[in-house]
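Participant: As they're listed, the protein sequences go chains S and W. Taken in order, the first sequence gives residues 158 to 731; the numbers are from the working numbering. Taken in order, the second sequence gives residues 158 to 731; the numbers are from the working numbering.
In case anyone wonders, no lab produced these hints; they're calculated from the structure. Some hints could be false.
Stated by the list, open to error - Label pairs and their computed distance ranges (CB to CB):
no.	chain 1	residue 1	chain 2	residue 2	range
1	S	481	W	656	23 to 31 Å
2	W	395	S	481	36 to 44 Å
3	W	498	S	654	44 to 52 Å
Stated by the list, open to error - Rough simulated footprint, nothing fancy, chain S against chain W, three-plus residues with beta-carbon under 8 Å:
no.	region
4	504-514
5	586-595
6	614-620
7	661-671
8	681-695
The C-beta atom is built at its ideal place from N, Cα and C for all residues, glycine as well.
2 protein chains.
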Amino acid sequence: MLLLRRCHNLTRFGLLNTQRHQVTPAVVSCAVRLWSSSSEDGGSYQSAHGPSWRHGLAGLLAGTGAVLAYGLHHHKAEQQDSSTVQTIEKTSAFPIISQKEVTTHRSLEHGIWVTFKGGVYDITKFVAMHPGGDKILLAAGGALEPFWALYAVHNQEHVLEMLSEYKVGELSAEDVKKQKAIKTSDPYSTDPERHPALHINNLKPFNAEPPPELLSDSFITPSAIFFKRNHLPVPQVDAASYHLHIEGLPGGVLTLSLEELKTRFPKHTITATLQCAGNRRSEMNKVKQVKGLNWGIAAISNATWGGARLRDVLLAAGYSPDVAQRAFHVQFEGLDKDVTGTTYGASIPLNKAVNEEGDVLLAYEMNGKDIPPDHGYPVRAVVPGTVGARNVKWLGKIIVSAEESSSHWQQNDYKGFSPGTDWDTVDFKSAPAIQELPIQSAITVPTDGAVVDRSSEEVTVKGYAWSGGGREVVRVDVSLDGGKTWQVAQMRSSEKGQAPGPSPPPGRAWAWKLWEVTAPLPAEAQELEIVCKAVDNSYNMQPDTVPPIWNLRGVLSNAWHRVKVKIREDDNEE
Amino acid sequence: MLLLRRCHNLTRFGLLNTQRHQVTPAVVSCAVRLWSSSSEDGGSYQSAHGPSWRHGLAGLLAGTGAVLAYGLHHHKAEQQDSSTVQTIEKTSAFPIISQKEVTTHRSLEHGIWVTFKGGVYDITKFVAMHPGGDKILLAAGGALEPFWALYAVHNQEHVLEMLSEYKVGELSAEDVKKQKAIKTSDPYSTDPERHPALHINNLKPFNAEPPPELLSDSFITPSAIFFKRNHLPVPQVDAASYHLHIEGLPGGVLTLSLEELKTRFPKHTITATLQCAGNRRSEMNKVKQVKGLNWGIAAISNATWGGARLRDVLLAAGYSPDVAQRAFHVQFEGLDKDVTGTTYGASIPLNKAVNEEGDVLLAYEMNGKDIPPDHGYPVRAVVPGTVGARNVKWLGKIIVSAEESSSHWQQNDYKGFSPGTDWDTVDFKSAPAIQELPIQSAITVPTDGAVVDRSSEEVTVKGYAWSGGGREVVRVDVSLDGGKTWQVAQMRSSEKGQAPGPSPPPGRAWAWKLWEVTAPLPAEAQELEIVCKAVDNSYNMQPDTVPPIWNLRGVLSNAWHRVKVKIREDDNEE
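In isolation and in its complexed conformation, chain S is listed as follows (with noise of 0.2 Å):
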């Protein structure tokens, strides 16, 4: 807490002074953190787009060494791509240390060293600071590398400037030898193929959306194309050998193979839309740094997804009433798995896995075939009107229990703050674990920036709206003037020409709808400002603008969305 507070002090002189100061290694991790968007679930020390965090961070780096060390990066890394550098440099002569000597340095009380790239590592001082939490300390004593290789983030020019500056030492040759001959091989080698379509926000672990405009095309999102968010390396399962969990019931630990789970329990059918946390996270990036993956406004995709009912295989494992007298929670294991054996966890309330109304599944198939492996194959969670990161993918183990997921993203992540808490001020424990979404749209056509014609007369505007907690998207405004005046949106829930299905039943309304207006090119205006919001049956609305919403983790991003399209007079030749 002390060295919380010091840093605080230290960031904001060194925020009032652009100067170069001589200070201590501590301002440097301060800057990792103030000056990176990090996190261990894939935004993990995503450099801050634009020159801003290279000014800043220059102002705050220790000593002139260091300030020279960071030209030199700068340098060296500009000629290469950031996303490989594989280098650190060697400002000076150290000590040579051994292998033994660092392995005795793996707790707080001795310091915690690391090697990496042949170079000893003090990072004590790092610890409390860093944004991945106490997990650094799996490496303590050892090598960086393995874990690198699982978070490709930290392969960053400025990540590796950090480091540089808590080097105590070099690895004796002899070790460095023997380090080499354990190869590190890359846990996402078996990473399946992507759609070329897809941007990518995050390569290792695969993070993607697909292009807005291929987006709305569909009510039902191909699987190929449906938005990937993907925390550790795609796990290998073999389906013949696949067996679920299921733990915390009176009747003990119930195990059931892919076949079982498939012809024991009937098998149930939903259309739901999944979302994101961070869908539109860039939008807050706009308005203050935020940490995490800088999505746009498709990280969000819907499908058809068939299962088992999570109720039912609950009742087979003994669940009744009266577990929920001691029991409140139904916590998620996935199989995919961290370099120290730590699995993907997330939980939902136990009321809405077992309500008849929950809908909640344990799906083996998405849109008619089996689930892809970037969707959780064989078995995923789909819990639908609930955010993404509960819908757990490779579902290994089901646990009954009085807890919430004590998992990182359950706990340390995932949730809501107001816009005056920083990461000196944050308290995890102060806010839920998000679950039901709030109400959510975004217009997909026209893109920010486009140009229309004036001969054209009339501009089509597309988008999705969707609300959490199976509350029914009931009315889309649009407005081509900022605001100022609104025309209400034709929607649909079903593929275009075709008919739409039965409404849902009230609180059941998992999928989103796409929605549409055409409307005349106002005479006089040269610019248009397109503006959607969406009202869903509980009449919750967005809210109007982003920065009374900004959060220092840059979820749940639901203001109205905006684009500005330009009109382009005509030739006077027609």
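Chain S is already provided as a structure; the job is to place chain W on it using the hints.
Facilitator: Positioned in the frame of chain S, the structure of chain W alone reads:
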């Protein structure tokens, strides 16, 4: 439809041109619709405050005679209480007409004639424009007085002015004498006494709200100051002979006495906040005139309710899950009636009614005592998380049905529309009946325009926050600078100084939270714009501003609440 369109066009003309024109009575009808805020549910014909409607009306009035009449009325009205206007101008000599003749005009084919205070009026052309709909036909061929006694809001200057335009004759002296012999009793004469602290928005039917600063004094609102929203006179119900009828289930009609309701079913107690859909309507009125009672921020209150679960009663009446295949709604009928015997009515979705977690009560206790007459004695529906209008008081009948209630209040009122929708374009079938309400919060202390002394050094801001659908309020952000910066308020869910009860299960947070922030007065500020916004556990937020959520009925007013406070600099004596 044709008439409406014509009305629309003429009105536009009238609005564009402020001079007085020779126009037809249809335009006057338009004026009634456009310049008065009218509805049969208590807000009927409520006058628009301020001078704007008077000017608009003057511009629209038909003919010089009418303009003169208006002038006379205006002058007279200012000399008396406008709510007790009992005279009507006689602008010329009219033929004498007998009651017998009047009685023959009770259809659109033969014209719709009515009498009022000895005058005879042909209101045929007005019928389509009557804000209260077809109910006006109930008076056809007879006297208006008994209807206006019921909907006392008709007793206003401008309503009488409108009526005068339709005058066609004088009722014969003999018939006037006969009418006077029939004493029109005041159906509100048996309404209960009310607490003098209440701000009365309408006397008949009674609609009143507590002062905001009293509201936030108590977590449980004392019944005497709990906001009161009646649609009709309070019925006199004898508890000993009271019976509740439950229909539409396989078991046939179940009839329960109050005693049976209390003894055959376990008593269930919940603390639940009720809010009128029109709460904070006055803020919408400031943007643009809407129809309805001009509620402040206190048409919301919180009480403890005790009663039988509706679920249990429906099960006793033969409900089983297969009923849900054909029935989707539960209709409630009140014992409060208009002169025609039409009762207040509303419905809720069947799944809310039968869900174990829906907590819908047939309540006979409020805050530990018999429900007071204003709140539904002896039995009312309490539908937690749902708009006040569905919490039907003086409950007489419950009908499980494939259809929603056909009542005016379910079909043609209590619905939300786009800000672009006006009374000429509104299609009530296009919007769902309001059930769950959106996230809401407001500042109760200080009040708008309050003055804070600089010497006090800090300001304490208090308020309430609540969300519909059982969604728990998880945060309230408060700003002293109009929304630029925010701090998080302290919330409580119990009386001050008492320990809070256990957290409600997910989706069953029926009670509001009271909140408070004490902050230092900003050094330079001379005025504070205090703003609050709440967030529920689906992370729905309040919209920033009123205009984009404005709707013609003024419901669902839940933008950020703002109050301005002046800082008084102290004398230098101390």
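Participant: It remains to establish, for every hint, whether it holds in the given structure.
Facilitator: Hints versus structure:
| no. | hint | verdict |
| --- | --- | --- |
| 1 | S:481 x W:656: 23 to 31 Å | holds (24 Å) |
| 2 | W:395 x S:481: 36 to 44 Å | holds (42 Å) |
| 3 | W:498 x S:654: 44 to 52 Å | holds (50 Å) |
| 4 | 504-514 | holds (count 5) |
| 5 | 586-595 | holds (count 7) |
| 6 | 614-620 | violated (count 0) |
| 7 | 661-671 | holds (count 3) |
| 8 | 681-695 | holds (count 4) |
Of the numbered hints stated above, the single one contradicted by the structure is hint 6.
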